[in-house]
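Colleague: Those protein sequence lines, which keep their order, are chains A and G. Read in our numbering, the first sequence has 19 at position 19, and its numbers run on one by one without any break. Read in our numbering, the second sequence has 339 at position 339, and its numbers run on one by one without any break.
Because the hints were derived from the structure by calculation, they are not lab data. You may find that some hints are simply not true.
[To be verified] List time: in silico SDA-like cross-link candidates among lysine to any residue, alpha-carbon distance up to 25 Å: (1) G/319 - A/160; (2) G/74 - A/19; (3) G/74 - A/20; (4) G/143 - A/25; (5) G/143 - A/72; (6) G/74 - A/13; (7) G/143 - A/26; (8) G/74 - G/14; (9) G/319 - G/216; (10) G/143 - G/70; (11) G/74 - A/74; (12) A/168 - G/322; (13) G/336 - A/158; (14) G/143 - A/30; (15) G/143 - A/29; (16) G/319 - A/158.
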Amino acid sequence: MGEAIAFYSLAALILGLGLAVITARSTVYSVLFLVANFLCVAMLYVLLRAEFLAVIQVLVYAGGIVVLYLFVVMLVNLKRGPEDHADPRRRDRLGLAMAGLVFGQLLAVAIYAFWPSQATGGASATAARGIGNVEQVGHALYVEYLVPFEVASVLLLVAMIGAILLAKREL
Amino acid sequence: MIDYVVIPLVQIAILLVGVLTAVAYLVLLERKVQAWVQVRLGPMRVGPHGLLQPVADIVKLLVKEDITPARADKWIYTLAPIIVLVPALIVFAVIPFGQSVTLFGVSIPLYIADLNIGLLYIVAVASLGVYGTILGGWSSNSKYPLLASLRASAQLISYEVAVTMTLVSMILVAGSLSMVEIVEAQQAQGWWFVFLQPVAFFIYFVGGLAETNRAPFDLPEAEQELVGGFHTEYSGIRFALFFLAEYANMIVISAIATTIFWGGWLRPFPSVEFLAFLDWVPGWAWFIAKTMVFLYVFLWVRATLPRYRYDQLMRIGWKVLIPLAIANVIVTAAWKVLVAG
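With the sequences and hints as input, model every part of the structure.
Modeller: The structure is reproduced here in structure tokens:
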């Protein structure tokens with residue numbers, strides 16, 4: 001009962017803050033709503049007994065990445081709106097296509113989840129493994145999914161080197 | 001009911017009152033220590049030897065006019081000091097002051113929560129404090145605070161990396177993320193971890209000085225060039241919140257150093273039998289005494305060392321401390337796999 005109340009109020013908060021992120025007038029407010037959104041998601045993880053994930057969510061997203069966003073937003077100081085393009089309907093069409101894609105994906109996930117044969121087994125198995133546990137996350141990352149993990153880290157390294165190359169004209 | 005609601009609430013109340021009192025007297029101690037180093041007397045008027053000076057300071061800060069600059073962003077301007085103070089206070093939830101005491105037949109642990117991820121919780125919560133610094137400087141809509149807040153956050157983010165790296169090597173040594181278990185591991189291994197990881201302790205303490213914007217890394221508040229730092233435009237109670245947060249953070253850094261490196265509530269030489277008479281002093285007294293030593297070092301450093309230049313600060317952070325911390329992690333991991341098995 002208490003868990004349900006907590007979940008639904010958190011879910012409402014997350015969605016509301018998400019809306020606030022995209023409707024806020026000032027970009028700085030937008031970033032702040034995003035931080036609050038991430039904190040609520042972290043609480044959702046705590047509710048799921050995934051404390052480790054919750055703390056990582058706060059540490060990496062709220063405490064790390066969004067701080068850099070805030071830096072950029074503050075320094076650029078967007079007062080003007082986005083530039084007008086020659087074709088005014090272009091953005092509408094692009095937005096419609098993106099929305100259609102996302103809707104299709106959600107639909108596919110919903111169909112997959114409610115498909116009678118597979119859905120229940122997968123969900124309970126992950127819950128039983130206890131994803132909050134540091135050892136289990138470590139085992140999953142460094143043993144079971146070692147190759148994807150390393151590939152992701154190489155990708156980040158490439159992005160980092162690329163950023164340095166772009167920022168420094170001459171090395 | 002009593003176990004889950006009343007006792008934690010009482011604990012939290014005592015802790016908050018204790019921390020805030022400690023902060024008030026830390027300010028007085030700072031003024032006194034600075035004065036002694038400079039062969040002055042320091043505050044002497046209010047109470048015997050100025051002992052009631054904190055009360056006078058608090059009254060002054062509460063009564064002063066609370067000004068909001070006309071072109072400031074009102075909401076964020078109000079929010080910033082709160083964002084700075086709250087993380088500094090909630091970190092205390094996982095710091096163990098001692099094992100447990102028995103009062104009226106009820107065993108009460110001397111910590112509010114023993115999270116299985118305590119150390120990560122501290123790092124995560126502490127990383128949120130930087131928002132207050134950035135937003136306070138930005139929302140004032142004034143040049144010097146903005147410059148200072150950019151400096152402060154760049155400094156904080158840089159040194160956070162090195163400090164977190166040293167904590168990784170401490171986790172490797174202790175084999176746990178829980179603050180209580182880290183202290184128990186020091187008891188089990190018979191060493192305070194500072195003797196196993198002196199390099200880590202050095203990096204941690206230097207990083208701690210930088211993260212709390214203290215001398216010699218007090219560039220964000222360099223009065224000579226930036227007026228007063230990111231809180232230049234603040235006055236009255238909202239300025240007091242920034243002030244509180246800075247000193248609360250000093251206590252946090254000292255308390256974590258005590259817990260992880262200097263044996264927490266353990267007596268000196270926990271494995272030496274004939275010093276067992278030292279157990280007569282309760283654990284929480286050892287903890288507080290050790291924390292006080294670090295706080296004194298904070299003040300002593302401020303009175304002694306000149307401020308770094310900005311480029312020196314960044315060079316030390318990125319080219320000395322971070323590589324050293326990463327090397328320390330690698331050596332510790334190798335030692336753990338090859339020697340300790």
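Colleague: Tell me, in ascending order, the numbers of any earlier hints that this structure violates.
Modeller: 8, 13
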